[in-house]
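Let's have the full structure, built from the sequences with the hints guiding it.
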Amino acid sequence: MLRFGRVLFKEAGTGISKTLSEILVCPLSKQPLRVCEKTNSLISDSIGVSYPVVDGIPRLVPSNGKIIDDEEASNSNSAVDPDAVKNDHQRCSS
Amino acid sequence: MQPKDSLVDAVAENLLDRLEDCKRTFPTTLCMGGSLEAVRRLLRGRGGIEKLIMMDTSNDMVKLCKNAEMRMPNENIETSYVVGDEEFLPIKESSLDLVISCLGLHWTNDLPGAMIQARLALKPDGLFLAAILGGDTLKELRIACTVAQMEREGGISPRLSPLAQVRDAGNLLTRAGFMLPGVDVDEYTVRYKNPLELIEHLRAMGESNALIHRGKILNRETALATAAVYESMFAAEDGTVPATFQVIYMTGWREHPSQQKAKQRGSATISFKDIQKQFGQSDER
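Chains as they are written, first to last, in UniProt numbering: chain A, 1 to 94; chain B, 1 to 285.
One or more of the hints may lead you astray.
[Claimed, not checked] Just the calculated beta-carbon pair ranges, DEER-fashion:
1. A:PRO62 to B:LYS193: 40 to 46 Å
2. B:LYS66 to A:SER63: 17 to 23 Å
3. A:GLN31 to B:ASN109: 21 to 27 Å
4. A:ILE67 to B:GLN260: 43 to 49 Å
5. B:LYS139 to A:ILE47: 43 to 49 Å
6. B:GLU13 to A:GLN31: 35 to 41 Å
7. B:GLY170 to A:ILE67: 39 to 45 Å
Since the hints were made in silico from the structure, they are not lab data.
All residues carry an ideal CB built from backbone N, CA and C; glycine is no exception.
The following block contains the structure:
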């Protein structure tokens, strides 16, 4: 892997660096976050909230968090059918 | 250089200078809120920072810093960007060597809470370094506003956000649980051609009153009266007006066994009597 002075190692999909993924936690519960590549977000399983990642920048202000209901949670876990993801799930491109 | 640039830069420079005062290096650093951009730009390799996390509540501010990174000298620093709130810090416990905040924390609603979270995010023996605006800031403007409002409206309402007093800063650090707290103050006087220029500067710095309770309408007449009072009370001979910015610098360390601290009460093994016996009934000189 090439590494220039300022380019970060990126995890596929969300574009979050290894550094960030190891250090970031949910701002409300302080529990670890799970990367969800499909929805481009960070999931806090402890409180059932997802935070968007926009242009590779995680938005971890509590007001950015979106409560996920059970169906969405199980969809984001499986690697299947993107159509099953609800429309009102957080849009990541703005 | 514009007045606004030099104040923020001077404060950032002062903060960063302190990194050279300790023999420590701070490989993993969080820079939060306030003048993010200035801190990054003026860093110049100080503090031995390897991983720098830049955080602000505003998406736009973070974006701005990320884009500016291309223009920064290559200091072999890995920078990451997060949108986050100091009062709800999204950082894992004991993961940072340094938390630095330049003119950002005076915006928080819960300053003690924010400081506690910063402390928890620090590794043992990690450093908290912050600059906030102090109570004397814009005292001229406060006075002018009050006088003008009393004259015009017969009452006063808060127009300037509340700011910490120097005497509170030490308490804030200890309440947050920091060890070896250090507080010092600097006053910067910025000169403006006229009071309205000051208001413009404040807006450019993003420092307009954030208090929810401020009177929604600053009556135009009152505003002009304020400017007039300001000028009459504080103007120099050449017509320029000064504005005071008081900056409080705070330092604190996360507890670590290696740090000196006072012994527990009741743990003394020698009494004063013994000391007196040792040195004899010495006379005062």
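What are the numbers of the hints that this structure violates, sorted from low to high? Nothing - there is no hint that the structure violates, so all of them hold.
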